[in-house]
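There are 2 protein chains.
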Amino acid sequence: MQIIKNILPMQEAAAKAKRKGKTIGFVPTMGALHEGHASLLKQCRKDNDISVLSIFVNPKQFGPQEDFANYPREEKKDCLLAKKEKVDIIFYPSMKAMYAEGYLTYIDVESLNSKLCGQFRPGHFKGVATIVGKLLNIVSPDILYLGQKDAQQCVVLQKMITDLNWPVKVKVMPTVREPDGLAMSSRNKYLTVQERLQAPILYKALLQAKKAVTQGERDATKIRYLIETLIRENSASHIDYVECVDSNTLLPLKTLSGKVLIAIAVKFGQARLIDNIVLNIS
Amino acid sequence: MQIIKNILPMQEAAAKAKRKGKTIGFVPTMGALHEGHASLLKQCRKDNDISVLSIFVNPKQFGPQEDFANYPREEKKDCLLAKKEKVDIIFYPSMKAMYAEGYLTYIDVESLNSKLCGQFRPGHFKGVATIVGKLLNIVSPDILYLGQKDAQQCVVLQKMITDLNWPVKVKVMPTVREPDGLAMSSRNKYLTVQERLQAPILYKALLQAKKAVTQGERDATKIRYLIETLIRENSASHIDYVECVDSNTLLPLKTLSGKVLIAIAVKFGQARLIDNIVLNIS
Chain X
1 MQIIKNILPM QEAAAKAKRK GKTIGFVPTM GALHEGHASL LKQCRKDNDI
51 SVLSIFVNPK QFGPQEDFAN YPREEKKDCL LAKKEKVDII FYPSMKAMYA
101 EGYLTYIDVE SLNSKLCGQF RPGHFKGVAT IVGKLLNIVS PDILYLGQKD
151 AQQCVVLQKM ITDLNWPVKV KVMPTVREPD GLAMSSRNKY LTVQERLQAP
201 ILYKALLQAK KAVTQGERDA TKIRYLIETL IRENSASHID YVECVDSNTL
251 LPLKTLSGKV LIAIAVKFGQ ARLIDNIVLN IS
Chain G
1 MQIIKNILPM QEAAAKAKRK GKTIGFVPTM GALHEGHASL LKQCRKDNDI
51 SVLSIFVNPK QFGPQEDFAN YPREEKKDCL LAKKEKVDII FYPSMKAMYA
101 EGYLTYIDVE SLNSKLCGQF RPGHFKGVAT IVGKLLNIVS PDILYLGQKD
151 AQQCVVLQKM ITDLNWPVKV KVMPTVREPD GLAMSSRNKY LTVQERLQAP
201 ILYKALLQAK KAVTQGERDA TKIRYLIETL IRENSASHID YVECVDSNTL
251 LPLKTLSGKV LIAIAVKFGQ ARLIDNIVLN IS
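Residue numbers (the numbering used here), protein chains in the order written: chain X, 1 to 282; chain G, 1 to 282.
These aren't lab readings, by the way, just hints derived from the structure by calculation.
The structure presented is a predicted model; accordingly, all values stated were derived computationally and were not measured.
For each residue, glycine too, the CB sits at the ideal point set by N, CA and C.
With the C-beta cut set under 7 Å, the calculated list includes, among others, these residues of chain G facing chain X: (1) Q11; (2) L104; (3) S111; (4) G133; (5) D163; (6) W166.
Below, computed lysine to any residue pairings styled on SDA-like, alpha-carbon distance capped at 20 Å: (7) X:K204 / X:R218; (8) X:K60 / X:Y71; (9) G:K18 / X:D49; (10) G:K20 / X:E12; (11) G:K96 / X:T162; (12) X:K189 / X:Y203; (13) X:K126 / G:G123; (14) X:K18 / G:N48; (15) X:K60 / G:S111; (16) G:K267 / G:P122; (17) X:K18 / G:Q11; (18) G:K22 / X:E12; (19) X:K169 / G:K18; (20) G:K267 / G:E66; (21) X:K210 / X:T255; (22) X:K20 / G:E12; (23) G:K211 / G:T221; (24) X:K115 / X:G127.
Okay, chain X solo, but in the shape it has when bound (with noise of 0.2 Å):
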């Protein structure tokens, strides 16, 4: 396993495997790896014969008051987690490498940037596109590899790629679990003892929603009162939203048919958590 830190080196490693005509596979992360991470590497390594994830925690996603100082940082654990998933390639810039003085260039993905998350984070998603740009530029992946859990990342940045036109796929992986549901997150560590002991209220109230949707439900008002009801009485959080929107425009819906995201925000102290689940609705 290869680390590399500077920019130049890593777009000369993946032009060089282009050259050789092998495949590229590119998990990004702001590190704290966990099983979710894990998984996409899995995916990664069955697919490509290159597998590459970088690590890197971008300023330009974080709100001023959000936890970007506090956010953790794991160098040596990651190491050992990518080292275990036969990671090939390790890119570790430095943030001087990635946003030199004078940095001017943005990518925004109008319209989604400013729903779900964005109403909460204003410019997150623009930090998060134009991160995930330069990476691409930098990586030059065949495939690109994201979780579930994050459904409007996912959105905003399969628009990106097929707007700008880059050549690459997109494959989105399974939330994956802790044993009692919550969504695995780098982010649930700032639970308390307590707060993590509710935390899993949130895929709980999303899988009575699914089992209200099979039962015949499809007000989405219904379901959201649903959902945001089970929250409440079972755990001393805040919501920020609870919302059934089309999986594609994010577009809020009354009744609910297609392929719908129910998507949740909800915040423990320190944490805000996120989940959502998406039902094919006939």
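Put chain G on the given structure of chain X with help from the hints.
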């Protein structure tokens, strides 16, 4: 010479060339080709295994009051010039291929986008950056060729490429001029006979400014006044701007020093013409 009208075949042709270890040179244009474009194509041919020319009148870089509808389209003439310059591939996409319904993604080079022409053409450089970003992903060139006539475009695109880490070099080629000094431009076609006779004053005024600098003048206000006076006294035109700026940051200078861009934009009837010179002042 091959004419490719769709995105995927162009990407496949580029990927195939890369696998064979061939280099790709790229000249993006809006068609209505003239000797300025020809000079880019000649250099492109000289430097690379494969020369790609794109022709696409990009609606996103025209303001609502601008000349998108009237911009000259000369497909047959352009193909003849391309053939003469030994272009390998003309990429000639449709509007629908480039901007499908529901298009949402834009690239913006902040700060640089609002200087010089940016003050008079809001959104123009966002449109330019976006289309060139798309074309870089479609053509995968090793070298991108741009004309110095569009000085701000060169600065904006070089900054975009640096910031977003596109693995491509930029070569800026000198402005090609008519025998009387008028910079070649597709928009010269809009000039009436009378305006065409007056338009060379732009370059003459720039040369007078250069002469003044050579003779020791360093005061930007005086240089601007010199140019403006010459243009006003010798033409019936409207000056959008005459500016002396740092050639990298495009920030206005009070005292000329270093690499200075003297840039002008002047309206002659229906034609908005731009021109510039770069001076290295020690």
